[in-house]
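Whenever a hint applies, use it, and build me the whole structure from the sequences.
Residue 387, in our numbering, is where the sequence shown stops; the numbers in between run on with no holes.
A couple of the hints might just be wrong.
As a list, the in silico SDA-like pairs of lysine to any residue whose alpha-carbon atoms are at most 20 Å apart [said to hold, decoys possible]:
(1) Lys159 / Val110
(2) Lys216 / Thr67
(3) Lys216 / Ala253
(4) Lys159 / Asn248
(5) Lys159 / Ala27
(6) Lys216 / Thr190
(7) Lys159 / Thr265
(8) Lys216 / Gly145
(9) Lys216 / Pro43
(10) Lys216 / Thr265
(11) Lys216 / Phe377
(12) Lys159 / Glu66
(13) Lys159 / Gln60
(14) Lys216 / Phe183
(15) Lys159 / Pro43
(16) Lys216 / Ala234
(17) Lys216 / Leu319
(18) Lys159 / Val107
(19) Lys216 / Leu254
(20) Lys216 / Glu384
(21) Lys216 / Val381
(22) Lys216 / Tyr184
(23) Lys159 / Leu46
(24) Lys159 / Glu170
(25) Lys216 / Ala366
(26) Lys216 / Arg146
(27) Lys216 / Ser191
(28) Lys216 / Arg77
(29) Lys159 / Arg21
It should be emphasised that the hints constitute simulated quantities derived from the structure, not laboratory data.
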Amino acid sequence: MGGICRILVVAAFFGCASVSGDSTGLLAMLEREAPASAMNPIEHPTGLFRATVPGRLLAALVDSDNSAFGQFDIGAETPVACHFFFDRVDLASTLVRSSDVIVGLIAAEAGVEVQRAVERVDAGAIAGSPFLSLDWVFWIGTTGGEIKQRAANRFGRTVYCAHDSPGYAKSFERFFASLIETLEYPGERTPEAFYREVSVTSIGEQRVGVIEITFVRDHAGEVRAEKFSSALTASTANSVRANDAYQVEWSHPNGDLVNAHYAALDDGAVTELRLTPARGSGWSVAGRFRSRPLTARFESRGPLSSNLGEYLVYREVAAGGDDFSLERWLPESDPTHATPFDFTRAGHPGADGIPVGVRMGSLRVDLLLTEDGRLRAASMRIGEVELFADVVHREGAI
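What follows is the structure in structure tokens.
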């Protein structure tokens, strides 16, 4: 049944290996690995990007409207298929949409219902580049198979790779890690950030998402902060919810907000909002919130703060300050009000860092800061659910 499974992502197909028999046979197949492959250089025909991977590019990279596509032999039954997007795309939504397309094609070619289950969700950073992974096992009657997927953001662009042979998990992981670690865009010139941070988010002990925030200063000294977040959560045994969000803020060097834009895709619901100063006083919000039109105006007690302002408070608290307050715009939860943030040192510095409590409206977040005032970790409890964020990579300083 090797011809049943084909993946279509931006009009590219590749074959699928599966195994007939009971679940014991599939479990055995899931344990196999490929022998170590030689490292080989790859390069886009125009020189746009290059990398070195433990595998062999089977044919020249082919461009489509929004990506370059290639297949790589890593010593498994079927090749790894990769899309090198020319821009940044939503990590979580890309993985979920691609999964649905793959399963839909399997069902269409088999002519029968396909049963699937989430095998693994993971998140992390490779050489400072945030990634998500989403793996599935599937069955057509007594025939089982596996789909492994990873997507990462590297230098403002996204790479998506998938492999459809049961097993070879470590082989696929090594291939993808080498690809991301060595991937470079020689001709690219991007604004230099004075601070960049990547965090991994978890629900309990399960890693589910990533957050990347970058601060760039323009020629006039104003600061542009870009924040990207993506998360995957299993809503049932055979379905996954995707959440992707992007926020850009302009602020003064002291952290006071100038304006902001927020866009999110939450399990298909679209949010896109712009925040600008209102005439006279206050702030104006306009756009769509969870796929519904929204226009509002609200007041704040003083200047609204920003991501930069919050990070500057971290530094003040770490330096010995006790209580600080500011107001933030939280478009993901309450876009029509200013939310107060109250910071209080929550104990003496310990081996893990400086504990700080933050009251955000009705919620409390517990932070751990480094001695020089950089975020190390954050945690929050909502009902019985514990949420965590751990910084896994940082460059520069605020």
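Lys159 and Glu66: Cα distance at most 20 Å?
Since the Cα atoms of Lys159 and Glu66 sit roughly 15 Å apart, the hinted pair holds (cutoff 20 Å).
Given pair status - Thr67, Lys216, alpha carbons within 20 Å:
Given pair Lys216, Thr67 is violated - Cα atoms ~37 Å apart, limit 20 Å.
Next pair to validate is Lys159 with Ala27; report whether the Cα-Cα distance is within 20 Å.
holds, 15 Å
Given pair status - Ala253, Lys216, alpha carbons within 20 Å
holds, 11 Å
Would you check the hint for Lys216 and Arg77, treating anything up to 20 Å between C-alpha atoms as holding?
Within the cut-off at roughly 13 Å; holds.
Between the alpha carbons of Lys216 and Thr265, is the straight-line distance 20 Å or under?
holds, 18 Å
With a cut-off of 20 Å on the C-alpha distance, tell me whether Lys216 and Val381 pass.
Roughly 16 Å between the alpha carbons, so the hint for Lys216 and Val381 holds.
Check the hint pairing Lys216 with Arg146 against an upper bound of 20 Å on the C-alpha distance.
With Cα atoms ~15 Å apart, Lys216 and Arg146 stay inside 20 Å; holds.
Given the hint that Lys216 pairs with Leu254, test it: the Cα-Cα distance must not exceed 20 Å.
Cα-Cα ~14 Å, so holds.
Need the status of pair Lys159, Val107: alpha-carbon distance at most 20 Å?
Answer holds: Lys159 to Val107 is near 18 Å, not above 20 Å.
For Lys159 and Glu170, compute the direct alpha-carbon distance and say whether it is at most 20 Å.
holds, 16 Å
Is the Cα-Cα distance between Lys159 and Leu46 20 Å or less?
Distance ~19 Å between Lys159 and Leu46 Cα, so the pair holds.
The structure is inconsistent with the numbered hints 2, 4, 7 and 9, although it conforms to all the rest.
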